[in-house]
Amino acid sequence: MTQDSLATVEVQKLTKYFGALNALENVTIRFDPGSFHALLGENGAGKSTLAKCIMGYYQADSGRISVDGQAHKITNPRQAHRLGLGMVYQHFTLVPNMTVAENLLLGEEHIPWIIDWKAQRKRLEEFMAAMPFRLDLNQKVTGLAAGEKQKLEILKQLFLGNWFLILDEPTSVLTPSEADEILGLMRQMADEKRITVVLITHKLREVKEFAGEITVLRNGAVTGYGRPGEIKRSELIQMMIGREKVPPAVCRVEGEVCESRLEIRDLTVNNDNGLTAVKDVDLNVCAGEIVGIAGVSGNGQTELVEALAGQRQAQAGRILVSGDRFRRTRAEIRAKHVCLLSEEPLNNSCVRSMTLAENLALRNYDEPKHTIGRWFVRRKSMNRHALDLIEHFSIKTQGPDAPIETLSGGNVQRTVLARELSEEVSLLIAHNPCFGLDLNAVAEIRNKITEARNSGAAVLLISADLDEILELSDRIVVMFEGQLVYETTCDSADVQTIGRYMASQG
Amino acid sequence: MEGATQLGWWGVLIAVIGGALRVSTPYLFVSLGETLTEKGGRINLGLEGILMMGAMSGYGIAVLTGNPWFGVLVAGCAGALLGLLHGLICNLPRVNDTAVGISLFIFGTGLAFFLGKPFIQPSAPRLPDIALGAWSALPQIRSALQVNVLFIIGVILVPVLSWSLKNTRWGMILRTVGDSSDAAKALGYHVNRVRTLGTMVGGFLAGIGGSFLSLYYPGTWNEGLSSGQGLMAVALVIFARWNPVYCFGVALLFGGATALGPALQTVGITSNYYLYGAAPYFLTLVLLIHSSSTKHSLAGAPSELSINR
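In order, the protein sequences belong to chains A and L. For the first sequence, the numbering used here gives the first residue as 8, with consecutive numbering after it. For the second sequence, the numbering used here gives the first residue as 53, with consecutive numbering after it.
Bound-form chain L, shown alone (with noise of 0.2 Å):
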């Protein structure tokens, strides 16, 4: 608290930074998948369910078996094991995706919390953290720039699904299939199948950015814990225009604004914590309502998406 009085409104700044750069891990993680599935052509609404079933089996994995990337990898499986369930489920005739995705949400907020209770008390051990704030003699700087390494594995993502989804093969076909069902098929692909795919790697991410809740930040296992983030990384990727670029700047806004609450504390302003808590959820409804039109579909979105048809 020292330190902090001393450096006044920029402690608040640096606490900001350091909040979005620990928080906006698996809105990163979440965006990123969900970004993969959209532009395959579906929307996967049941994000918040595979995040917990993330962050549920990598906290369990990593506490039976003592290595938590064990859990993230188990956690990525299971993600894409429910991304593939939402993607066969809707391969079906007539079957729409905002349906499934809502029963998925359900589906998998629920298993988490029956199979997850023996995990509530035992603690998994944590993912390791890099210190780029080593430079620093400030406590805060160092405390802010200490790192998690799935952070900087997302930030590696960005730009290779970016690269890949304009060079690469997998890249045209999934944005093919995206964007023009009929010329898909025209061209002989397997619509189902490719959507199907890009649900299940959508799914793989979900899962990893579940288990950084879990095994890092807040790095517990209780049901509370992801607190929206699954559906609010669904109004990120609209925001963020089906771009990873961008996703990565719109992950880092929302996990600022997370951490805008617990910054304001280190200053001693605790009063109306809650509100500042609420910052994320009114950030997406501002967004929303900002990027929305009654008369356009939105720029840059995949044509054979359900909110466009």
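Isolated chain A, as found in the complex (with noise of 0.2 Å):
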């Protein structure tokens, strides 16, 4: 923590293999101390591996990793912490039932027998005291929001005295506004030249605004290395996925009179602990139109999806589709073509025992062309209709036969959005489908969504990503704890006013 510790971290000539696979192929990086550098890659391009080398999770095949020219040898985390590097992770690894205070003391190495609470106290205050963020002491984990669980994993890290942090994807759980806000002091604190900072992302809207260095990673080999100055966004992105190009995306068709397709009217639902989330909501979406909600997540939009998806009971309220009072039942389903895609697809909308088939084939395997009198279901024609779809929407995969489960994400998404999409579709509701995906199955889902639209579909959207409002919606709601507070077209959007609104402050 101390100024005169900061020191220059470097890995040379960094080498990998996982079996056959090439992870990291000669990376040489330089951390300067006090900087503010980037690992800009897609997903699968090594930027973790590397930086699990260097906290000491693997060991690389070859090359040195060295701390102020001095090379080190790191075999377990509890090593790099000794030299001062710490490692902020994707997932939390907060304890939930316990105190801020409790966290932050667990992570030492040294836990005293019997904790005397009264000096732990003092110390953690004084701790507190001089981070340019605070968390309350006493406030349960559970009861914090993702931004805060995110600080008080960087505080850990600060807290053990680790100068040099490793960022992995920290701001794929926040909203714009907590993104922007812990990347900026983080940056303040590098520029302050309290740590350093090594930020990996995939955003390149992050990489822009706060990095000092971006260092581009791709198939596991150093691709490309720049200021953020002087370095174009286009040129970025064909370091990172070797093409200037990401699939374009379809052009929007101009709406006319509005048919309405999904009515809510005075919706009201409650959360998990019986408060209500959802509160009062209206809305109209009509045939041909995207409906965007946007809103810092925990806002009520979970509760919404999981009311409109019939996987939560509403306390009040009406829910029309193309004009009938809609029940949720499968005959409503599939007489109204209502179409799915929930965010986390795996937990949602997918049977995770099930095979890729079998999972595709959730929509219909009850209707006459998959059956044999209704009653048997053939495998045969379920696993061709699989196969049309897997080709159609190039899911990548063994076979039709292969678990759910052993499918990535982004191919855990395709076979959501195959299964949904593959026949006529009158109202899509689509919840967070791009998280965590790459740049290239964003595109692509994004392309499909509004391909949905422009043959007449309507389409709801509820997004955490502001961007992807912005660029998809044609109307833009935005939710906060769970009313509707603003709308607006898309021509007349503006960020800051959504933002505002976003943070309540409309």
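It should be emphasised that the hints constitute simulated quantities derived from the structure, not laboratory data. Even glycine gets a Cβ: it sits at the ideal position worked out from N, Cα and C. Not one of these hints is a red herring.
In silico lysine-lysine, DSS-like type, Cα no more than 25 Å apart, as pairs: (1) A/20 to A/80; (2) A/156 to A/125; (3) A/59 to L/237; (4) A/200 to A/215; (5) A/20 to A/59; (6) A/215 to A/239; (7) A/129 to A/156; (8) L/237 to A/156; (9) A/129 to L/218; (10) L/237 to A/80; (11) A/387 to A/376; (12) L/218 to A/125; (13) A/147 to L/237; (14) A/80 to A/59; (15) L/218 to A/147; (16) L/218 to A/156; (17) A/59 to A/156.
Partial pick of chain A residues on the chain L-facing surface, computed with a CB cut under 7 Å: (18) 102; (19) 103; (20) 104; (21) 118; (22) 121.
Label-pair ranges, simulated between beta-carbon atoms: (23) A/120 to L/182: 30 to 40 Å; (24) A/29 to L/220: 46 to 56 Å; (25) L/148 to A/412: 18 to 28 Å; (26) A/387 to L/334: 50 to 60 Å; (27) L/344 to A/332: 26 to 36 Å.
Both chains come to you apart, so use the hints to assemble them.
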């Protein structure tokens, strides 16, 4: 933490194989003291592998890691900690039912047998006072927002005295404003030469805005280096994916008179704790338009989608689809052509233990074309159906019999997309459809959504990613604490205004 | 009976309180033990079996050595051994703690019946008790406040455990492991080892609870001794929200419910005796239904518990 303990960290000619896969190839990067260095790359580019080699989770096959000019063989995370190297993980490693104070203390190498909370609390308070951001020590982690949890992860590392921090996709669970706040603070601390920051990300915006240096990785090798001012966005994309063009977005067509497909009237839904999560929501979605619901996650979006999907009972209100009361029965879903892309598709819309083919047929396995006498399922026709979809939606898999769990996140999302969009779509509800996917998959999925809209479907898009909302929506509404607090059309949409309503300072 | 009729319904209340103090001890020990086990992220449903093994081995050793305290110690160790067995089996990959618990339940009771056959006849020395009611002239109060030493140890354990979970390194580690095995692994703790130890300590306490049954109240060894108290204690832990202090309160409540039938008998209400005897089971059902929900997991539950995942 002290200024003179900052040092240069270097990786030199690092190579790492996993079996035949070359995860890292001759990677050489120099991290200067007090720098904010971004490691940019797509999923599987080797960013996390590099970080784990530095932290001692993996041993590199060749090459060396040096701190302050001295080579170190780091064989476990504890050893990395002793050198002052720390990592903030993509998935939180906090203990949910413990307080902030307890979580901070847990990270320490030697917890005393009997904890003198008075003395520890004093020490923690002194530490907090010196930090640019603060948290209530008595707050339980379960009560923290995602952004606060991320802050606590960072505070944990700083409390341990680590001055070299690797942030692994820290903003994937944060809203843009939370992300900006945290990255801004980290940048500030780096500028004050209190820490060195390595930011692992695939988000170009963050890199352009906060990083001082950028190293791009692709397939385990360094494909580019530069400073944000000197390097163009298109160049970065080329370095990341190896070609200049991301699949182009499907153009929008102008909508006409509103033919209401989804009508939500005075919908009120409770959350798991019995508190009101969605309050008196009124919303219309017309055929041929995308309505985007923006908002900081945790403001009732999940409960709203679950109510629409039939996963959660509404307390009050009505849902009408194409003018009729919608009670979310299978018959209605089929008759009205309602399609759903849930968030976390593996949990919310797939059966984990079933194969890819079975998951692809969940919508229609009981229809005459896949059954004998509507009673016996014809696996052959199911498999043929699956092979069609696998090809059409370019799902990467070993075959239709592969368990759905063996597919990567992007391919699970493609599977659900294939299942939901392969037949006629009249109403599509999509919740964070691109969360955690790489650039190519994101572009593809967004294209499919706009295609559905262009062919006349009504689309309700709920997303925590404001850029996604802005890119796709024809109409934008903002959800805050369970209510729709702002509405605008896409031509008059203004990021600043929307951001204000998301934080409800409208 | 003379005094009871004079006291009327007060007599019932005193008898219920007295019964609660007496009957609650095994509930208290078993639930405290199970709280520790569950804080570590495992459920041990085999407590009924451990309770029976504790009762049998404690009684047997007391008969053989003539010292009831030696029996208590051995009962605890027998419980810890069964806890260790549960822990070790659950450490194997893809083993479900609920299933292991149920088989341990059957194994423990069966083993206790088998090994305990020779001890049904002989009588063992009883554990001593303390007359907290000596100040009173009323025989009812005196007998109600005749409190066993184990009960007092249990009462002392309540704040000690509650404090330790928050203020000691072991408490912190146990809760970390029970709440987030990912976090625990990232911190370098051996999740399985900690959980096994948690189950062992839980088994130790449950074994002691069993020895109370055979060495104090009812104070004999037979096969119908426990009548499901070990299973009810699991429900009790859920209702007590994994909090040792609440465990104490709920154990007293269950004890009181168990004592209701005999207490009513003292004022001459003997009809429906078996119905009143079912009070604790009924209470278990009501509490579980009351504290259950289809929508949310229980507040305060350790996140790693299989009922939560």
